[in-house]
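K.L.:
Those sequence lines, one after another, are chains A and B. So in this note's numbering, spot 233 of the first sequence is number 233, and the numbers just go up one at a time. So in this note's numbering, spot 96 of the second sequence is number 96, and the numbers just go up one at a time.
A hint or two may mislead.
Copies of the same chain look alike in the list, so a pair counts if it fits in one copy or across any two.
To be verified - Calculated pairs, SDA-like style, for lysine to any residue (alpha carbon to alpha carbon, straight line, at most 25 Å):
(1) K301 / E541
(2) K374 / P554
(3) K375 / R398
(4) K374 / L357
(5) K213 / D492
(6) K374 / I358
(7) K375 / E359
(8) K485 / E210
(9) K271 / R539
Calculated from the structure, these hints are not laboratory results.
2 protein chains.
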Amino acid sequence: MDSGEVIEHDRPPEYERLGGRALTSTLVSREVLPDCHPLGPCNKLILAPGLMVGTSAPCCNKLSIGAKSPLTYGIKESNVGGRTAYRMARLGIGAIIIEGTSDHPHPHVIILRSRKSQIERADDIVGLGNYDLHRKLQERYGPHAAILSIGPAGELRLGAACIISNDTDDHPGRAAGRGGLGAVMGAKGVKAIVIPHSRAEKNVKPANPEKFKELAHDFTEYVTKTRAAMTKWGTSVMVDIANGLQGLPTRNYRLGSFDGAERINAVALLKNIEERDGSSNVACTPGCPIRCSNIYNDPEKNYLTSSLEYETICMMGSNLGIDDLDIIARLDRASDDTGLDTIETGATLGLAMEVGLIEFGDGEAALKLIDEVKKGTIMGRAIGGGVVTFARIMGINRIPAVKGQSFPAYDPRTFKGMGVTFASSPMGADHTAGPVIQGRKGLDTQKEVALTDPTVQVEVSRDLQVLAAIIDQLGFCLFVGPTAKNLGRFADFINASYGWEITENDLLEMGRSLLRTERDFNRRAGISEAADSLPEWVRQEPSEPSGRVFDVDPDEIRNM
Amino acid sequence: MDSGEVIEHDRPPEYERLGGRALTSTLVSREVLPDCHPLGPCNKLILAPGLMVGTSAPCCNKLSIGAKSPLTYGIKESNVGGRTAYRMARLGIGAIIIEGTSDHPHPHVIILRSRKSQIERADDIVGLGNYDLHRKLQERYGPHAAILSIGPAGELRLGAACIISNDTDDHPGRAAGRGGLGAVMGAKGVKAIVIPHSRAEKNVKPANPEKFKELAHDFTEYVTKTRAAMTKWGTSVMVDIANGLQGLPTRNYRLGSFDGAERINAVALLKNIEERDGSSNVACTPGCPIRCSNIYNDPEKNYLTSSLEYETICMMGSNLGIDDLDIIARLDRASDDTGLDTIETGATLGLAMEVGLIEFGDGEAALKLIDEVKKGTIMGRAIGGGVVTFARIMGINRIPAVKGQSFPAYDPRTFKGMGVTFASSPMGADHTAGPVIQGRKGLDTQKEVALTDPTVQVEVSRDLQVLAAIIDQLGFCLFVGPTAKNLGRFADFINASYGWEITENDLLEMGRSLLRTERDFNRRAGISEAADSLPEWVRQEPSEPSGRVFDVDPDEIRNM
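Construct the entire structure; sequences and hints are all you get.
P.N.:
Right, dumping it as structure tokens:
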């Protein structure tokens, strides 16, 4: 970004087998000074499609985005759907590395093409929300351009800033949400990355087309069959599940169940969607058969927001004492437009309500605070800085965060394996890094165990972190199942695609090696294993009404 | 503080030889959960006079205050003059440990007496600035009561909040400034600690009174003779020295020399003091023969502030482009009243000026921002959060801080040994932890070396950190000289006082052992040696006009 140049390289042999999160994390580890400031010139923002992206395998078109995080000050990978990864792979682009920055960055747009990618100044888009921005960019670069962009929050370089992607219906509704990567993009002076629709796109050809076709067919059938509930209800099925387990973050994690749950659950959501001519079967990436996402219209049946997912419904619903889906949808829309992670922002608004800055349940007041972020006021910056920064300003010590990043929508006192993931993942508190939603012990046997049993969670979380690290390299969605029995399928896919001969054990080593790379970066960045812990209040304060505390052995977590 | 009880213990044998910083850091290390939140109930605020406090040795009445720091999240000791330590020692109180907290702390006053110390609720002092507070407390508890207190910044639990002590003239002008310890006191619900004047005070009797008397006489003579310039000019002598070396932090550390230096130097300060009937020979603790402090009157010869020291004159003067001592004195007064560390706050205001929130040189605007802290507005909280928190809100990556704490008034690109101290001290960026103002290499030979020579600074800083750690255990002021040749005197003092038989080598081991204890706590708190580094910009951006960068080998620092 210093020179405005785009330099193309062939993929060096040492990076040949790396895709997605493995590629972003390896590049961050090798090329980013571990103790650099995340918003300074030494950080790099790296985008890489997973190894299976662009193929006909189902649910495999995720884009990994990596950098040193301005929230955790450690390594970060956040992945997102949309069309970007699919299109990059079909243009033969293995990764993009955005380097440097200018002291006073102007908004730039990076236009990726098969040849002659370029960086353009575009002063007319400074400060735009993502909705206006995407409209403008589609006018300029053609319909169906794949767009990654930041809103005002990213331009302000705030810790809760995310990178927004348009979805397959061209709404700016999907996000590489966690870790403040939008602030890194903002610090690079990049407002948007656009890949126009192009005839240069080519189908990704597997080494063994026949075998691949057969695998894709079988896996599509498997996924379609086993994820039928997800297709019907979407991610919001988790509202009733978490509420039933008394682990649904409610009113700033004071409670584990929410008396308004039935007004924000999957049934309520689907009812609104259907009555208002929205859509409940939206694919977040091209070719996904699960199609768990949605388009949510307002009572007048006009588009209000898209990709209204469980995390948002909880963090901006029950966690704020808000039981009105229309308000939650408006908070989601405002967050997407401003370029704010709904998880980090929901947790921060929970603190704002706890200290009485606004009242629990007051959605209009919450909307006003998000508008303050868009305007760049000090109040807005305080909110947009994320939960730990906001807590510092307000003198709050009960903070739902690990390594600077807020808990997502699982109370670790009930979802104890998730708590282990929050504590120990190199990503900070991140459910996708090792999603212990069901307890399955033993990578081979996958024996069912209770979510709330403290004695087994370290093993369960460790295995799921490895499985997630594998899936994130391949570009698959986690919803295909981070399970041991899928390992064989993943290996088959890779071998049929690349002509390699890797085994399930090779895959496991790929996952473990990736986690080692990430942990090693964090160590060099000054984050030791002593930081692998949950805040003390989850061990001391019983969740209501379950009475549970987080009671997994802290030493076992640190030594996992 | 949970129970409101005061519990008295005899000093356990294992703590017998520990005083001051050795006692606070050992207690923090043993009793504070390393990964607790500094503002939560598991932290403890510990006050301990040094081993020599209360004796007739000169310059030895410093109080150490320790806790886990809400700025650095590591161990912290900050020491302060005033009468508290002296009076504690004369009442036979070896340490105070303040534990627990309530969720909604009300302002409490702890009254220390020889017997029946107690904790009182005092709702009428909530929110008071330190000036009004001290007036009120002196009315209530008698003149010449020793007072430690927090202002609104501490009540708001902000990272730049300090603990203020009244000086020997009863002005609330001295501060245990660094590390945000005022926020810890605020989190405990303690607004003030008062030791009324009492007839129960007894002279501290040395084991060998004759010997002690002789030592005290000789050391007083030595100190008086060698520190004559300090007595005449005070700490503000450093303005011309640092400016001459081109290492005076100026305009947010962009420059190392200040064109207004002669309007804020010691000559200018003394001229104002003398013309306005102030005082230039004020002792910060009872019985100090150096008397380097001052009382500064306004042009109408009314009291304006006291203890206007070099750090404040630089951080709120040259660092803000302000060359008017009256404005700087008002900023000092406002900071003392609000309970803000002038170093952390000056660095933060420097950032506020750099990003254009207010203009460089605009002292009235800076005063308004401090007033916002007093009012507790979001803007005030953002400023009072300290330099790193403010940077997060403003999206700033060029931050003059290490481990969360701002640089003090020495540019590490010129004061390179000081830079090593900032990087490696367990205290974060803190000049008192190893004050390399002169370069002396070799604990035995003390060979003079250049301040700017990068090859010798690790050794120089390491030795000075050990010497500072010794002085801080004894309760001496650093100005008696953190030099090898004083070690024998210190050993003699201790032996004559306690009847021990310790050697210079024992003293060195006491210093090293203390540093090990502190580093070990930090490791357990998640701060590894990888965090022992300066921000990248001091290595990359040449200081003007010297053109110097910080070029000490980073690995040598980490492995010191």
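K.L.:
For each hint, tell me whether it holds in the structure or not.
P.N.:
Against the structure, the hints come out as follows:
{"no.": "1", "hint": "K301 / E541", "result": "neither (44 Å within a copy, 56 Å between copies)"}
{"no.": "2", "hint": "K374 / P554", "result": "neither (40 Å within a copy, 40 Å between copies)"}
{"no.": "3", "hint": "K375 / R398", "result": "between (28 Å within a copy, 23 Å between copies)"}
{"no.": "4", "hint": "K374 / L357", "result": "both (18 Å within a copy, 18 Å between copies)"}
{"no.": "5", "hint": "K213 / D492", "result": "within (11 Å within a copy, 87 Å between copies)"}
{"no.": "6", "hint": "K374 / I358", "result": "both (18 Å within a copy, 21 Å between copies)"}
{"no.": "7", "hint": "K375 / E359", "result": "both (22 Å within a copy, 21 Å between copies)"}
{"no.": "8", "hint": "K485 / E210", "result": "within (23 Å within a copy, 84 Å between copies)"}
{"no.": "9", "hint": "K271 / R539", "result": "neither (39 Å within a copy, 59 Å between copies)"}
Consistency with the previously given hints fails for numbers 1, 2, 9, ordered from lowest to highest.
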